[in-house]
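Colleague: Here the protein sequences come in this chain order: B and L. Just add 199 to wherever you are in the first sequence, counting from 1, and you've got my numbering. Just add 27 to wherever you are in the second sequence, counting from 1, and you've got my numbering.
Hints are all accurate, no fakes.
Examples of chain L residues lying across from chain B (beta carbon under 7 Å, computed):
| no. | residue |
| --- | --- |
| 1 | ASN70 |
| 2 | GLN75 |
| 3 | ARG113 |
| 4 | ILE186 |
| 5 | ILE193 |
| 6 | ILE294 |
| 7 | VAL295 |
| 8 | VAL297 |
Don't read these hints as lab results, they were simulated from the structure. In this text, a Cβ means the ideal position worked out from N, Cα and C, and glycines have one as well.
Residues per chain, in single letters:
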Amino acid sequence: MKKRVALLLVFALVVSMFLVGCTTDTPSVTPDADVTPEELVNNPGANRGNVLTMGGTNLNGVFNPITYSTAYDYWMIGAMFDALLYIKEDGSLSTEGGLAEKYEVSEDGKIVTWYLRKGVKFHDGQELTAEDVAFTYDAIMRPDYQGRSYNLVRDIVGAEERKAGTADTVPGIEILDNYTVRLTLKAAKATTLRNLNIMPLPKHYYDKATSEEMAALDRDPVGTGAFKMKNYQVEQFCELERFDDYWNGAAKIDGVIYKMVARTNELSEFEIGTIDTVNFENSVENYEIVDGFDHGILLNRWNNGYAYVAFNFNQPKFQDVRVRQALVYGVDRAGFVQSFFGDIGGAVAHAPISPVSWAFPKSGLNEYKYDPVKANQLLDEAGWIKAADGWRYKDGEKLAINWKSYQEAEWAIKFPALAKENWKELGVDLEIELMDFNSLGTLVAEPANKDKWDMFNMAWGLTADPDMQSTFSKGTFPPGNNRGYYYNERVEELMEKGVLELDQAKRKEIYQELAQLFNEDLPYMFVYVRMNPWMVNKRVKNFNPTEFQYWWHNANQIEIVTQ
Amino acid sequence: MGKFIIRRLLQQIPIIIGISMLLFGIFTLAPGNPLASFFTDPNMTADQIKHLEELYGLNKPKVEQYVDYVKEIILHQNMGNSMQLRQPVTKLISERMWSTFYLAFLSLIFTLLIAIPIGVISATKQYSIFDYGGTIFALMGISIPSFFFALLLIKKFSIDIRLFPISGMVTPGVQFTTMGKYLDILKHTVLPLTVLSLTGAASFMRYTRSSMLEVIRQDYIRTARAKGLKERVVIYKHALRNALIPVVTLLGMQIPVLFSGALIIEIVFVWPGMGKMQHTAVLNRDYPLMMGINLFLAVLTLFGNLIADIAYGFVDPRIKYD
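If we strip away everything but chain B, and leave its shape as in the complex, we get:
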């Protein structure tokens, strides 16, 4: 054990920020084991009192729900702000636990009315009103807004004009009375309610003339959440304390501390008890190490996202589906996933939908098991013939591929290397080019570079809704998110139908068909879906992040067993 820790310490610095793991088993859920006081005697975290200490990577300190940019900042934001609707374990939306007491959607789906709970207090004592909700939508549409949320509110009537600076008011946002807001939309979509589910900002506090002035409040947020800001120390920790007037029942713990820890030492910090929870990297080695921690429980659930290798459809060689299929058959993805993440860290991905989503088809997906014979056969059929030098040619053109990857993540270095080796046996000449993530992202997003690459790899994070138009639609070619210039008429049609269809059962059918289409047509080589494992000290109860819920979804319920 100790030897292993030392070994890990040595190599971990080199390890990426983006390790990934997968399993074919169903994820294990923590039983809320009853902890006896005797057990706490040997618990290294037991003397830290009634405060939850979480370990994690650096915070940026942008604690504003409309301008934050990293998931870790959002971990703090969610504890300090509530959304209009609560996201349940299966990803569906509910008024229970949300700031909206009820909502109405008109028959045509174009009018949404929010009825707010009465008596909800912000941290500064003022009451939440319709003004605050209206202000938050408006703030996202302002011309100098620098965040990422505009896409969520762009369907509101008048949003475009507000953003362009040609209007100062938004006709689509109406305050009916102190607790009622009516939104009028240009189009009805299945994703509308989810998109409009904002975390309201208090207008009296955040209504500033410029975005810089609003940014000046980033570190002193005021929300309605169960915890409020106490002390933020850059690159050290963020300390929250209980908000006693919380509308949904004050939290049971006194506070939450987010302690920044180094990736290399995150498990050591947990081992010696300086932190109660750690969302660790899902590598084989890490799973082995945490196995030896008696004072912790492993929460091993899916991460909602997938890693992929994109094909560039501007290159004639990739327009033949047989070539794409051959390349996928020709690389040992299962072996890669196994060696990287072991049995419980992740699994091979087969479609652009999270395996925990309601839209994911239970069967009917081709697994493309490693099969060089089949791969060779497909390439022969496609007209790429092996020449005497061992490489394949068609009309005098060699089957050579330029794959751009990045250095920051270990899988992004090792997976292309495996493909190079595997494909060499097929007669496919792979050239790998490593760059930094920022350069790669810039390269493939620039339309002028569309001939400069054949393949690249990255990962997508998903939301609870399966809509994937932004990644595979013709309308989102670069600089949009469809970086591979993928276009398929049937897919296009189905994706549009999926967004506009409001009936859940029919949507399910549409997305299952889409999953199968993607699985067969391969706009990407899907690589893996991974686990998102947590170690939680046994003294903490009710700490239960799930696939669609952040750790704070039940922040006021979390308890700590003290001696």
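Fit chain L to the given chain B structure using the hints.
Modeller: Relative to the frame of chain B, chain L by itself:
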């Protein structure tokens, strides 16, 4: 002396302008984009990215962007906001520079306390056991990667015997008395300080040794001995002062290092320093922050050189400014 300093200070102005142009050119012409993190967000669309480019002025020609940047600094003393951290660049630098300086300054003192005596003794007792020991120590210090040394110390002192905390500069969530607070910081300082001092001392020791060796072979040292001065006076008064001249040059160069931070140490020990911020600024192509940090360091470098030049006047009797 006063005239010399004023002349030197005036010379720095065109140099700073040149440096700022060079930095701006290198940063903005390098591949990558400050908005790249938005490219990987499925919620961002092309027209919103275009809108952001216009907001940040990234769509303008580079020369115009540079002129705007300089104008903001001169007219409004505003170095801009970090695009990633959304706070004024000057604020971000000032909240990290003193913790960086604290660690670097302590480590410089320890470095000198270790390096100069060992270097001098190694030189005066050349080829003795002490000299060989010092050389081996220096070789080890130079060759051991600092992150590896850091992890070894953490393994031993934080995990096995739990004497010092693994990381951080303060213990979060504990109410300390003023004294307790200092003690807490001190406890967190020991491990990173050890790594920085020992690895830093190694190269300083080599400089001192070789410089000292050169000096004790000079004629004036022989003269000093010949006129019957005590060996201690010969070495520590006459030789050491001359041997330290190149070391002073090195020390002048250390001034920007005091504020630039030690990236690896800051990452491993989660120290709130400039190195880490600069590193992430580069990874994110956060132009205002990259410019701010590097201009700050450039000014310190120039200042350090000036200080070194003045210090020569004191340690080297041959140099006179008038």
